[in-house]
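Peer 1: These are the residues of each chain, in order.
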Amino acid sequence: MYALEMKSITKEFPGVRALDRVTFSVKKGEIHALCGENGAGKSTLMKVLSGVYPDGTFTGDIIVNGRKQRFKSIKDSEKAGIAIIYQELALVKEMTVGENIFLGNEPKTFGVIDWDTLYLEARKWLKSVGLEINPETKVKNLGIGQQQLVEIVKALSKNSDIIILDEPTAALTEAEVSLLMEMLRQLRKRGVTCIYISHKLNEVMSLADSVTVLRDGKTVATHPIGELTEEKIISLMVGRTLTELFPYEPKQRGEKVLEVKNFSVYSPYQNKQVVRDVSFSLHQGEILGIAGLMGAGRTELFTSIFGAYEGKKQGEIRIDGRPVTIKNPRDAIESGIAYVSEDRKKYGLVLDMSVRKNATLAALDKLIRNGVIDEAAEVSTVNRFIEKLKVKTPGLEATVNNLSGGNQQKVVLSKWLMNEPKILILDEPTRGIDVGAKYEIYKLINELVRQGMAVVMISSELPEVLGMSDRILVMAEGRIVGELTHEDATQEKVMMYATGGGASGKTEAVLSI
Amino acid sequence: MEKQKLSFRFDIRAYTLVIALIFIAVLFTVLTDGGFLTSRNLSNLFRQMSVISILAIGMTLVIVAAQIDLSVGSIVGLTGGIAAILQVWYDWGTVPAVLVAILAGAAIGLLQGWLVAYKAVPAFIVTLGGMMVWRGVLLGVSKGETVAPLHESFVQIGQSYLPYVWGYVLAAIMCAAIFYGTARRRQKRARLQLPLNSAASDYGKAFAYAVILMGFTYMMNRYYGIPIPMLIVLVLGLVFLFISTKTGFGRYLYAIGGNPEAARFSGINIKAHMLSVFVMMGALAGVAGVVLTGRLNAATVGAGQSFELDAIAACVIGGTSLAGGTGSIVGSIIGALVMVSLDNGMSMMNVQPFWQYIVKGSILVFAVWLDIATKNKS
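Just so you know, the protein sequences line up as chains B and S, in that order.
Residues in the first sequence are numbered consecutively from 421, following my numbering.
Residues in the second sequence are numbered consecutively from 2, following my numbering.
Errors might be hidden in some of the hints.
Below, computed lysine to aspartate or glutamate pairings styled on DMTMM-like, alpha-carbon distance capped at 25 Å [claimed, not checked]:
| hint | chain 1 | residue 1 | chain 2 | residue 2 |
| --- | --- | --- | --- | --- |
| 1 | S | Lys272 | B | Asp785 |
| 2 | S | Lys189 | B | Glu807 |
| 3 | B | Lys766 | S | Glu262 |
| 4 | B | Lys692 | S | Glu262 |
| 5 | S | Lys272 | B | Asp772 |
| 6 | S | Lys272 | B | Glu754 |
| 7 | B | Lys513 | S | Glu262 |
| 8 | B | Lys808 | B | Glu840 |
| 9 | B | Lys842 | S | Glu262 |
| 10 | S | Lys189 | B | Asp785 |
| 11 | S | Lys206 | B | Asp794 |
| 12 | S | Lys206 | B | Glu795 |
| 13 | B | Lys765 | S | Asp344 |
| 14 | B | Lys766 | B | Asp785 |
| 15 | B | Lys786 | S | Glu262 |
| 16 | B | Lys747 | S | Glu262 |
| 17 | S | Lys120 | B | Glu795 |
| 18 | S | Lys247 | B | Glu817 |
| 19 | S | Lys189 | B | Glu754 |
| 20 | S | Lys247 | B | Glu795 |
| 21 | B | Lys733 | S | Glu262 |
| 22 | B | Lys558 | B | Glu594 |
| 23 | S | Lys247 | B | Glu425 |
| 24 | S | Lys272 | B | Asp751 |
| 25 | B | Lys671 | B | Glu881 |
| 26 | S | Lys120 | B | Asp751 |
| 27 | B | Lys766 | B | Glu514 |
| 28 | S | Lys189 | B | Asp636 |
| 29 | S | Lys247 | B | Glu730 |
| 30 | S | Lys272 | B | Glu730 |
| 31 | S | Lys272 | B | Glu807 |
| 32 | B | Lys732 | S | Glu262 |
| 33 | S | Lys247 | B | Asp785 |
| 34 | S | Lys189 | B | Glu817 |
| 35 | B | Lys842 | B | Asp785 |
| 36 | S | Lys247 | B | Asp794 |
| 37 | S | Lys206 | B | Glu817 |
Beta-carbon label-pair distances, calculated as ranges [unchecked claim]:
| hint | chain 1 | residue 1 | chain 2 | residue 2 | range |
| --- | --- | --- | --- | --- | --- |
| 38 | B | Asp534 | S | Ile373 | 35 to 43 Å |
| 39 | B | Gly524 | S | Phe125 | 24 to 32 Å |
| 40 | S | Leu129 | B | Glu556 | 32 to 40 Å |
Simulated from the structure, these hints should not be mistaken for laboratory data.
In this text, all values refer to a predicted model and were calculated from it rather than measured experimentally.
Backbone N, C-alpha and C define an ideal beta-carbon position, used for all residues, glycine too.
Based on the provided sequences and hints, a complete structural model is requested.
Peer 2: This is the structure:
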């Protein structure tokens with residue numbers, strides 16, 4: 421008996437077929453993992469299922485508990501018992517746990533909210549899944565992990581029997597992860613069906629009953645967990661082996677361009693050091709990988725060097741041997757530093773602006789003659805970069821919002837390369853980008869380094885750091901705790917440094933390609 | 002192919018506004034038995050819209066940068082008052098009085114902009130406070146009196162007309178500029194191998210603009226000529242159109258309004274730009290104050306009251322989003338024309354003032370709804 425069947429689902433966006441005759445069947449009461457690289461179509465498929473993309477904007481059938489469904493909105497899918505819990509939590513932070521659980525669904529007598537019943541019910545629901553939280557606590561006072569669990573309770577309270585979890589453990593601590601897994605196992609016993617989207621294959625292996633793999637918008641395979649290993653899943657996801665993905669080439673290391681000495685950064689919010697007394701150097705023609713767990717201070721370190729971090733900093737920065745003072749991004753740009761942020765939509769692009777205007781935003785000074793933007797020069801410069809970086813866009817005037825993640829990232833790269841920087845800092849350069857575009861970006865990085873640029877690559881994706889870097893610095897709790905060469909580095913060594921212990925040596929096999 | 006589609010869609014959006022304007026004109030012409038479209042009335046209408054148009058030009062920049070300025074009505078009153086007081090009470094000449102008024106506007110903008118940009122007080126609060134403060138200052142310095150009459154030369158700023166011949170000469174120069182500009186743009190695009198519209202469509206458009214321009218001049222000349230306030234709007238409009246589309250400053254304003262974080266990471270000095278926008282707005286409000294005082298030949302305590310709302314409404318009707326990042330000077334001026342046409346037409350029909358408010362308010366909401374509805378569809 422299937423709780424859910426999606427048959428031959430095809431969903432097209434202008435210029436892209438995001439889903440191509442995808443078939444996805446989930447048995448009742450199982451935990452079914454949905455795996456695939458970023459851009460493989462997982463999120464799109466779940467949006468189709470939950471009615472975010474209403475019936476008619478895609479083709480194919482959705483059958484829930486044996487009945488064919490046509491969801492016009494999220495409300496319809498909720499009625500059919502489907503609840504989706506997103507990576508970004510949808511709780512109202514200023515409200516209490518109880519209020520959130522029953523938001524839009526409050527128990528009422530004569531239109532007046534019956535608060536006693538509400539909190540009583542909330543307490544029952546929380547208890548039924550083994551959560552020790554006072555329902556009168558404000559959500560903002562809970563940790564991310566607990567908030568996630570509250571979301572699940574909220575879904576259950578609506579009598580949902582199919583729960584979709586999209587990357588639920590991305591921001592959780594280890595203790596929270598095990599609490600979540602325990603809760604999901606409980607739910608399975610109660611017959612709740614769960615669709616679990618995750619990159620973390622160790623979680624998938626220990627939790628799921630079956631696994632479906634998507635690649636490039638198509639269903640690759642569905643297997644019971646017994647037939648699978650992590651390696652098998654990876655090869656299904658990637659469709660090729662890992663070494664092909666990273667075009668590493670040994671390089672000619674040149675002069676020292678950047679030297680950072682005794683550098684510390686303070687959080688703008690609390691009087692807390694987020695980077696502690698860090699020293700390192702960067703040479704021409706090398707890729708310096710920066711590895712570490714979330715919150716290790718990597719982004720804070722490099723946004724500070726770039727002059728964009730709000731908090732105080734102290735220490736010395738030398739470029740080409742000369743000490744420099746960088747107070748803001750303008751100073752950094754003038755010293756030859758470029759910074760491609762980890763969140764391109766927030767820090768990299770003006771989404772409503774055209775490709776042309778975005779691409780020249782950081783280098784506009786060079787295109788201004790007598791106070792006027794030389795549009796002819798602007799167009800030809802942007803065209804040159806679009807060609808070089810193979811940006812797929814309907815035209816220079818297309819809004820960047822309409823481009824795919826990979827092409828957006830290439831626009832951001834164009835923007836920074838236009839300034840011909842000496843030092844290129846890439847913060848999670850391939851996050852949310854499909855494999856093809858990733859490979860192109862890797863090749864581009866190699867080419868830039870060959871031409872003598874110095875590249876810093878911050879990445880949480882271990883295979884990427886290992887595959888691309890000449891040298892790797894590992895950060896933990898604001899310090900640089902280890903340095904490895906390309907030849908020495910293994911996932912195990914990096915994780916050992918990053919988790920701050922040599923003893924356990926146990927690694928979280930974080931797979932994110 | 003895609004590119005042409007995009008520009009076509011944009012045109013439809015721009016034309017909705019023009020179509021709405023034509024519809025309003027036709028409606029009022031029919032309802033007033035042709036009275037609306039007479040040279041005399043149009044001349045009046047353009048003089049009436051000048052003050053709001055000048056404010057709308059500055060307000061467009063402010064809103065594009067995702068800010069707001071609620072104090073402009075009071076600045077119009079205060080700067081107009083300062084100019085009138087200097088002239089009537091202290092016998093200053095017109096030129097120094099006007100310059101001081103505009104500088105006063107800029108100085109107010111500087112203070113408010115500094116509070117917004119460098120002290121991080123929200124623009125809504127700073128300028129809401131400013132709205133009260135500057136009105137209060139006006140009341141204080143003018144002692145509540147109406148200051149009049151002004152010199153002939155001051156009154157001319159608001160009331161006089163460009164002589165016929167000069168009107169035609171100016172129109173002819175502008176027509177020539179339009180054709181020259183079209184030819185140059187086509188050359189440039191051809192050189193860069195960018196897609197070109199057909200020569201017929203490009204020159205047809207230029208020809209249409211020329212016909213409109215000449216027709217407009219003819220209509221104005223059938224009365225007394227092109228009103229000077231209208232000319233001021235035209236010049237300021239062109240200057241700020243140029244600033245907003247052709248300079249780095251303009252480009253950065255759109256970027257700041259669209260995504261301040263991305264702008265900051267691109268090395269743009271957000272605070273300095275924010276400050277400049279408020280200074281420009283203040284100076285423009287000063288110009289508007291001078292024009293208003295000239296037109297009325299008096300400065301009153303209530304001058305410019307609620308003009309900030311008219312200016313904001315004009316921008317919004319013209320397609321400027323209060324969220325920042327989008328909007329155009331031309332749209333806002335057309336928006337001002339729509340607002341003033343409604344006022345003028347309804348006044349001619351002797352519609353009671355209460356209806357005028359109701360209609361204008363409804364049109365504002367309707368325009369934004371229409372904009373959102375069409376956007377969601379595409």
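Peer 1: Now look at each hint and say whether the structure bears it out.
Peer 2: So, going through the hints one by one against the coordinates:
1. Lys272(S) x Asp785(B): holds (18 Å)
2. Lys189(S) x Glu807(B): holds (21 Å)
3. Lys766(B) x Glu262(S): Holds, at roughly 7 Å.
4. Lys692(B) x Glu262(S): holds (24 Å)
5. Lys272(S) x Asp772(B): holds (22 Å)
6. Lys272(S) x Glu754(B): OK: lysine 272(S) and glutamate 754(B) at ~19 Å, within 25 Å.
7. Lys513(B) x Glu262(S): Cα-Cα ~24 Å, so holds.
8. Lys808(B) x Glu840(B): Status holds; Cα separation ~14 Å.
9. Lys842(B) x Glu262(S): The given pair, whose Cα atoms are some 23 Å apart, holds under the 25 Å limit.
10. Lys189(S) x Asp785(B): holds (21 Å)
11. Lys206(S) x Asp794(B): holds (24 Å)
12. Lys206(S) x Glu795(B): holds (22 Å)
13. Lys765(B) x Asp344(S): Distance of about 43 Å is beyond 25 Å: violated.
14. Lys766(B) x Asp785(B): The hint holds at about 23 Å.
15. Lys786(B) x Glu262(S): holds (22 Å)
16. Lys747(B) x Glu262(S): Judged against 25 Å, a Cα distance of about 16 Å means the pair holds.
17. Lys120(S) x Glu795(B): Cα-Cα ~36 Å, so violated.
18. Lys247(S) x Glu817(B): holds (16 Å)
19. Lys189(S) x Glu754(B): Between lysine 189(S) and glutamate 754(B) the Cα gap is close to 31 Å, so the pair fails against 25 Å, i.e. violated.
20. Lys247(S) x Glu795(B): Given that 25 Å is the threshold and the Cα spacing comes to 8 Å, the pair holds.
21. Lys733(B) x Glu262(S): Roughly 20 Å between the alpha carbons, so the hint for lysine 733(B) and glutamate 262(S) holds.
22. Lys558(B) x Glu594(B): holds (23 Å)
23. Lys247(S) x Glu425(B): violated (55 Å)
24. Lys272(S) x Asp751(B): holds (15 Å)
25. Lys671(B) x Glu881(B): With a Cα-Cα distance of about 22 Å, the restraint between lysine 671(B) and glutamate 881(B) holds, given a limit of 25 Å.
26. Lys120(S) x Asp751(B): Measuring from Cα to Cα gives roughly 22 Å; hence the hint holds.
27. Lys766(B) x Glu514(B): holds (24 Å)
28. Lys189(S) x Asp636(B): violated (41 Å)
29. Lys247(S) x Glu730(B): violated (32 Å)
30. Lys272(S) x Glu730(B): OK: lysine 272(S) and glutamate 730(B) at ~15 Å, within 25 Å.
31. Lys272(S) x Glu807(B): violated (35 Å)
32. Lys732(B) x Glu262(S): With a Cα-Cα distance of about 19 Å, the restraint between lysine 732(B) and glutamate 262(S) holds, given a limit of 25 Å.
33. Lys247(S) x Asp785(B): The hint holds at about 13 Å.
34. Lys189(S) x Glu817(B): Measuring from Cα to Cα gives roughly 17 Å; hence the hint holds.
35. Lys842(B) x Asp785(B): holds (18 Å)
36. Lys247(S) x Asp794(B): holds (8 Å)
37. Lys206(S) x Glu817(B): holds (21 Å)
38. Asp534(B) x Ile373(S): 35 to 43 Å: Since aspartate 534(B) and isoleucine 373(S) have Cβ atoms about 37 Å apart, the given range 35 to 43 Å holds.
39. Gly524(B) x Phe125(S): 24 to 32 Å: holds (30 Å)
40. Leu129(S) x Glu556(B): 32 to 40 Å: Once the Cβ atoms are compared, 37 Å apart, the range 32 to 40 Å for glutamate 556(B) and leucine 129(S) holds.
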